[in-house]
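*Asks:* Taken in order, these protein sequences are the chains called A and B. When the letters of the first sequence are read in order and numbered with the working numbering, they come out as residues 1 to 381. When the letters of the second sequence are read in order and numbered with the working numbering, they come out as residues 1 to 191.
For the record, the hints were derived by calculation from the structure and aren't laboratory data. Just so you know, not all the hints are guaranteed correct.
Only some residues are given here: those of chain B computed to face chain A with a beta carbon under 10 Å [stated by the list, open to error]:
1) G4
2) F5
3) V7
4) G10
5) M11
6) V13
7) N17
8) V19
9) Y22
10) L28
11) T30
12) L38
Have a look at the derived ranges for each label pair, beta carbon to beta carbon [what the hints assert, rightly or not]:
13) K82/A x R37/B: 42 to 50 Å
14) T35/A x D98/B: 55 to 63 Å
15) E35/B x T85/A: 39 to 47 Å
Quick caveat, the model's predicted, so the values are computed rather than measured. The C-beta atom is built at its ideal place from N, Cα and C for all residues, glycine as well.
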Amino acid sequence: MDQIFVSIKHAILNLAQTFLPDWTIILLSILISVTAIAVFGPVTMMYLTLLERKLVGRIQNRYGPNRVGFWGLLQPLADGVKMLTKEDIVPANADKFAHFLAPVVIVIPALLIFAVIPFGRGMVAVDLSIGILFFLALSSTTTIWIFVAAWASRNKFSLLGGMRSIAQMISYEIPMVLSIVPVLLVVGSFSTVSIVEAQSGLNWFVFTPWGFVGFLLFFLTGVAEVNRTPFDLPEGESEIVAGFHTEYSGMKFALFYMAEFMNTFSISAIVATLYLGGWQGPFLPSWIWFFIKTYALIFVMMWFRGTLPRLRVDQLMGFAWKFLLPLALVNILVTGIWLEFKTPLNHVVTFAILAFCLTVLYLVNKPEIPKKRIYRYAYQD
Amino acid sequence: MFFGFGVLKGMTVTFKNFVLSYFSKERLTTVQYPEERLPEKERFRNFPFLIYDNKPEDLRCVSCDICAKECPPKCITIVRDSDEAGKPLKRPKVFDIDFSICMNCGICEEVCPFDAIFMDHEFELAEYGRFEDLNYHKDDLLKSNEYFAKIRPHDAAEVDARLAEKAKKEAAAKTVAPPAVPPQPPQPQQN
Chain A
1 MDQIFVSIKH AILNLAQTFL PDWTIILLSI LISVTAIAVF GPVTMMYLTL
51 LERKLVGRIQ NRYGPNRVGF WGLLQPLADG VKMLTKEDIV PANADKFAHF
101 LAPVVIVIPA LLIFAVIPFG RGMVAVDLSI GILFFLALSS TTTIWIFVAA
151 WASRNKFSLL GGMRSIAQMI SYEIPMVLSI VPVLLVVGSF STVSIVEAQS
201 GLNWFVFTPW GFVGFLLFFL TGVAEVNRTP FDLPEGESEI VAGFHTEYSG
251 MKFALFYMAE FMNTFSISAI VATLYLGGWQ GPFLPSWIWF FIKTYALIFV
301 MMWFRGTLPR LRVDQLMGFA WKFLLPLALV NILVTGIWLE FKTPLNHVVT
351 FAILAFCLTV LYLVNKPEIP KKRIYRYAYQ D
Chain B
1 MFFGFGVLKG MTVTFKNFVL SYFSKERLTT VQYPEERLPE KERFRNFPFL
51 IYDNKPEDLR CVSCDICAKE CPPKCITIVR DSDEAGKPLK RPKVFDIDFS
101 ICMNCGICEE VCPFDAIFMD HEFELAEYGR FEDLNYHKDD LLKSNEYFAK
151 IRPHDAAEVD ARLAEKAKKE AAAKTVAPPA VPPQPPQPQQ N
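Whole structure, please, built from the sequences with the hints as guidance.
*Replies:* See below:
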């Protein structure tokens, strides 16, 4: 059961080996992995939209979609048909080529990230030695296409959204990369597979002081990275219509959503890989553990969406530069100390340093609430 | 409380909503319309209907054309019926109400001196055609007095009492006192 998908692939390859030349087997192997990801990505996206609507509905004491099919399970298909048949509107003054290119290309990095996600034991499309670097590089290219879409639309709301997106990405990319460094220090490899293997048993990194802080840092920056609430300033509906996708309709709009939801999934998957032990876990098959952890994180993201209002731009920037960045730097130092000391001592020392730094950062970042002003003369009897 | 406590409090509230909405029915205020319905309110009024007393032939409408004249969007069309000799009869030949024009104001009910037209509770009136499908003819509009008593019992009791009193008075006038003075023209009943 653990290796069911790997076994299926090998069975297909063995069957093909009987009548195909050897060099095609490698191609076929690649083709199978690519097909699996190319099917899995969009289907995940479709059902994440349904899941999000259901969860947010329940959070607001509504039912959510339940009309199309049993439990509304066919709702994504109905939405897909709707999106495909809608009119595709291109503004008269838009840069037609870039306007067309942006939504098409934005899906590619989102899909490519799936290649390095270890879905289970031995279930990774390519075990790149620079897996995490690959993920970071690709996830930040999404921003370029968001800005291309914003610029090509020739619309002030789009442009504002795109510029917000750039500002946000630049700010959050730094604590994001720095929060991964502790894991790389401990594991000594960029490969996602070896990171998961380093957390065998229940030695997940989240159970260590630096791992817990790193997990929070990486998860929060990840939420910001995929433009989800409360960090959804680039598409703030109540302020700038729809941000960078104001001028998009029909399937192009759906492609932006596809990219966003696939990024949501892959960020959750990478967080699970880095800090929650990936597919490591007792009793259940490895890929079930992976999906449990990933969907738990996705649930938290949707829970955020159902709860928190959007941040203000200065709050967003302040949070990144004044809280997350120093904490990420301290976390790297703490990880070095963790590696130097022996087991009982390093827990105490790292916990103490992190607690101290958190307190200091908390006190420094505490917003100054002015005292209630009392007008002496106005209320004088 | 400490900084960030408000966020945690909000998260607790939404999580409580999320979990409890699966268990307590009271939290979900949505009425799943085609399967579940809210109970009808008696005073609810929508499209008008024509009332008849015992059988569909003797409807109360005398084709006086008051409702058609009073109707603000002019959605009522009435053509008076006549016998072979061309003598006009006290019943409509054509009574059409165009639902695509009707605005459900209920003025027809208020002005009718013969208590012949009343507002209905029917609201699922969607049709595929815009013109002829929404134009309701006399046969579509006819509904019995029992139906009226069922949907609006208070109004029906009041109307029935008034009509019974009127009938009794007429009967008494016919039997006891032959008209010394010419009979008064029927006063329009104020509803």
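*Asks:* Holds or violated: the hint that G10/B contacts chain A, with Cβ atoms closer than 10 Å.
*Replies:* Result: holds, 5 Å to nearest chain A Cβ.
*Asks:* Next item in the hint list is V19/B. Is there a CB on chain A closer than 10 Å to its CB?
*Replies:* Given a least distance of 8 Å, the restraint on V19/B holds.
*Asks:* When the nearest CB of chain A is found for V13/B, is that gap smaller than 10 Å?
*Replies:* holds, 8 Å
*Asks:* Can we keep the N17/B interface hint, with Cβ of chain A closer than 10 Å?
*Replies:* holds, 5 Å
*Asks:* Close enough to count: is the Cβ of M11/B nearer than 10 Å to one in chain A?
*Replies:* holds, 5 Å
*Asks:* Would you check whether L38/B satisfies its interface hint, that is, whether its CB is within less than 10 Å of any CB in chain A?
*Replies:* violated, 16 Å
*Asks:* Look at the Cβ atoms of E35/B and T85/A and judge whether their distance stays inside 39 to 47 Å.
*Replies:* The hint (39 to 47 Å, Cβ to Cβ) is violated, given that E35/B and T85/A are roughly 29 Å apart.
*Asks:* Close enough to count: is the Cβ of T30/B nearer than 10 Å to one in chain A?
*Replies:* Result: holds, 6 Å to nearest chain A Cβ.
*Asks:* With a cut-off of 10 Å, does the beta carbon of G4/B approach a beta carbon of chain A closely enough for the hint to hold?
*Replies:* holds, 8 Å
*Asks:* Hint F5/B vs chain A: min CB-CB distance below 10 Å?
*Replies:* It is violated, given that the least Cβ distance between F5/B and chain A is near 12 Å, above 10 Å.
*Asks:* Measuring from beta carbon to beta carbon, are T35/A and D98/B in 55 to 63 Å?
*Replies:* holds, 58 Å
*Asks:* Hint check: is the beta carbon of L28/B less than 10 Å from a beta carbon of chain A?
*Replies:* holds, 6 Å
Checked against the numbered hints above, the structure violates hints 2, 12, 13, 15; every other hint is satisfied.
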